[in-house]
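2 protein chains.
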Amino acid sequence: MSLLAVGSVAFDNIETPFEKRADVLGGAATYIALAASYFVDAPKLVGVVGADFGEENLQVFKAKKIDIEGLQVDASGKTFRWSGRYHYDMNSRDTLDTQLGVFASFSPVVPHAYQQSKFVCLGNIDPALQKHVLTQINRPKLIVCDTMNFWIESKLNDLKETLKLVDVLIINDGEARLLSGDPNLVKAARLIRAMGPKTLIIKKGEHGALLFHGDTIYSAPAFPLESIYDPTGAGDSFAGGFTGALAKADAAGEAISEMTMRKAVLYGSTMASFCVEKFGTERLQELTPPEISDRYQAFCALSKIDE
Amino acid sequence: MSLLAVGSVAFDNIETPFEKRADVLGGAATYIALAASYFVDAPKLVGVVGADFGEENLQVFKAKKIDIEGLQVDASGKTFRWSGRYHYDMNSRDTLDTQLGVFASFSPVVPHAYQQSKFVCLGNIDPALQKHVLTQINRPKLIVCDTMNFWIESKLNDLKETLKLVDVLIINDGEARLLSGDPNLVKAARLIRAMGPKTLIIKKGEHGALLFHGDTIYSAPAFPLESIYDPTGAGDSFAGGFTGALAKADAAGEAISEMTMRKAVLYGSTMASFCVEKFGTERLQELTPPEISDRYQAFCALSKIDE
Chain A
396 MSLLAVGSVA FDNIETPFEK RADVLGGAAT YIALAASYFV DAPKLVGVVG
446 ADFGEENLQV FKAKKIDIEG LQVDASGKTF RWSGRYHYDM NSRDTLDTQL
496 GVFASFSPVV PHAYQQSKFV CLGNIDPALQ KHVLTQINRP KLIVCDTMNF
546 WIESKLNDLK ETLKLVDVLI INDGEARLLS GDPNLVKAAR LIRAMGPKTL
596 IIKKGEHGAL LFHGDTIYSA PAFPLESIYD PTGAGDSFAG GFTGALAKAD
646 AAGEAISEMT MRKAVLYGST MASFCVEKFG TERLQELTPP EISDRYQAFC
696 ALSKIDE
Chain B
396 MSLLAVGSVA FDNIETPFEK RADVLGGAAT YIALAASYFV DAPKLVGVVG
446 ADFGEENLQV FKAKKIDIEG LQVDASGKTF RWSGRYHYDM NSRDTLDTQL
496 GVFASFSPVV PHAYQQSKFV CLGNIDPALQ KHVLTQINRP KLIVCDTMNF
546 WIESKLNDLK ETLKLVDVLI INDGEARLLS GDPNLVKAAR LIRAMGPKTL
596 IIKKGEHGAL LFHGDTIYSA PAFPLESIYD PTGAGDSFAG GFTGALAKAD
646 AAGEAISEMT MRKAVLYGST MASFCVEKFG TERLQELTPP EISDRYQAFC
696 ALSKIDE
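Just so you know, the protein sequences line up as chains A and B, in that order.
Counting along the first sequence from 1, when you hit position 4 you're at 399 in the numbering used here, and nothing is skipped either side.
Counting along the second sequence from 1, when you hit position 62 you're at 457 in the numbering used here, and nothing is skipped either side.
Please keep in mind that the hints were generated in silico from the structure rather than gathered at the bench.
Mixed in with the good hints there might be a few duds.
The list makes no distinction among identical chains, and a pair is therefore deemed to hold if it is satisfied within one copy or across any two copies.
To be verified - Derived EDC-like pairs: lysine to aspartate or glutamate, alpha-carbon spacing no greater than 16 Å straight-line:
no. : residue 1 : residue 2
1   : Lys582    : Glu621
2   : Lys513    : Asp645
3   : Lys460    : Asp447
4   : Lys473    : Asp447
5   : Lys513    : Glu451
6   : Lys593    : Glu653
7   : Lys460    : Asp436
8   : Lys582    : Asp484
9   : Lys473    : Glu450
10  : Lys699    : Asp610
11  : Lys582    : Glu601
12  : Lys459    : Asp436
None of the values given here were measured: they were computed from a predicted structure.
Please build the complete structure, drawing on both the sequences and the hints.
Set out below in structure tokens:
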């Protein structure tokens, strides 16, 4: 059940209404791999860090048995750094600063041992880099891809090339409207799936998510949390939990059916709901399987209707 | 399984991106009673119309066997009229004009034959009038109440008096935040339920609804409609379908359990999803039981997870 996570590994400077902290371990690949580590053994990571990425941060990956052979250390520069501030309602944020560092010249190299990965989760990076990763590996069983407004607006042609290769696209509602040009999410989904991804997940933040797969729609609830401590990494945790749950089901001999996809969406939602409970990756570092199982059951109960 | 609907009966002048029409039969009590008529026999209506409310409009009620003994005809003035325009995305609207007409001096009178009503649905009118209705009837089995921003802002004390008497309050997310003063819906729900209603439904438009009942939360999906023709009356149709489904379950000897409440929320959502498919009350006038049953099953399928 090999799973490959690709994306940024970063330091974040985060301001929320509750707390302000610098040098927090972050990045899409970090959250994806941590979330996936609760579902699969030794998820593999492809990314890059600079000379300033100390051993204590590598230990976070090692503690979760994440395979970091594919994590390049580029001693010529600094680790990618994002600075952001969340608004009062936690639903929106401002990017205060971005320092690309070694990410500016990053060219992902997939180690030989990673080339048979069955499940690939492409974090939100330049779509040309996402495609470059796919050219280095054998056709996986499933390719999951995240993207964002920035790439839709600045690299649409590259994104469309990548989408042709992708099985599952995960985006939020605003991005779905932007990518499709249609405000109605049902119509937007049809237009986006015609670009390549057979399966589409539209995340709606505090309103849950929609899964478009085959000819059905699944409406996943959001967990009604009373307080959100730090939303950073929630989307990546969703992607990691979703891909990890599918890889786990596959390893157990389960077909990737529509119901398997639905359950994976709830596992993704479960990991995202944990992620926001503490700062940065803190909560994802300390989870236990019973906690995950209980939260998943709580998600199921949220929308349960007896026949 | 007697059900009493209280509220406005109106003429609406409606502009949507698709069509503009005047003199459309509307009003909260109209939509509530029409939606409820698919669940209970002869729902009762309390409201007022003016001399301009012709027989053709009374026929709409009579065709659905709605009991209009409580519909006062005040020949001294005109029927309440609302004029509004929906924005492009149909999620927001501007009120262009309101002519209260005979509604300005309306004092609801509950006919003797209505006083044993078991289920009462108080449409969105002045909370003092809602309370005045309740003083005229024996304690019903269940009182469902709708309200809006306008009353929260202008008649908060009256509203709080009415809420003390109410079993189920139905409001939207913006109104819940306004009434409670808390942006988090879970916290808002706790504060609002402390004002009286044991059960709270928070509608989230295209994102479904949350039901707070006992110590559980139910997250109901929205129906992923590709096109919305006219949103007018959707909230009232929800209230009528919800109350009607509970009255029907009660008549069948079912306890009003948490699961009964959940199913009623889906029946309310079902009626709202039909309402917006055509102009005004058109769709609610022509529904068939199999259509309602099929749509309800589709709602169940939207969030179904196998154990």
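*asked:* Under the constraints set out in the numbered hints, which ones does this structure not fulfil?
replied: Those not satisfied are hints 3, 5.
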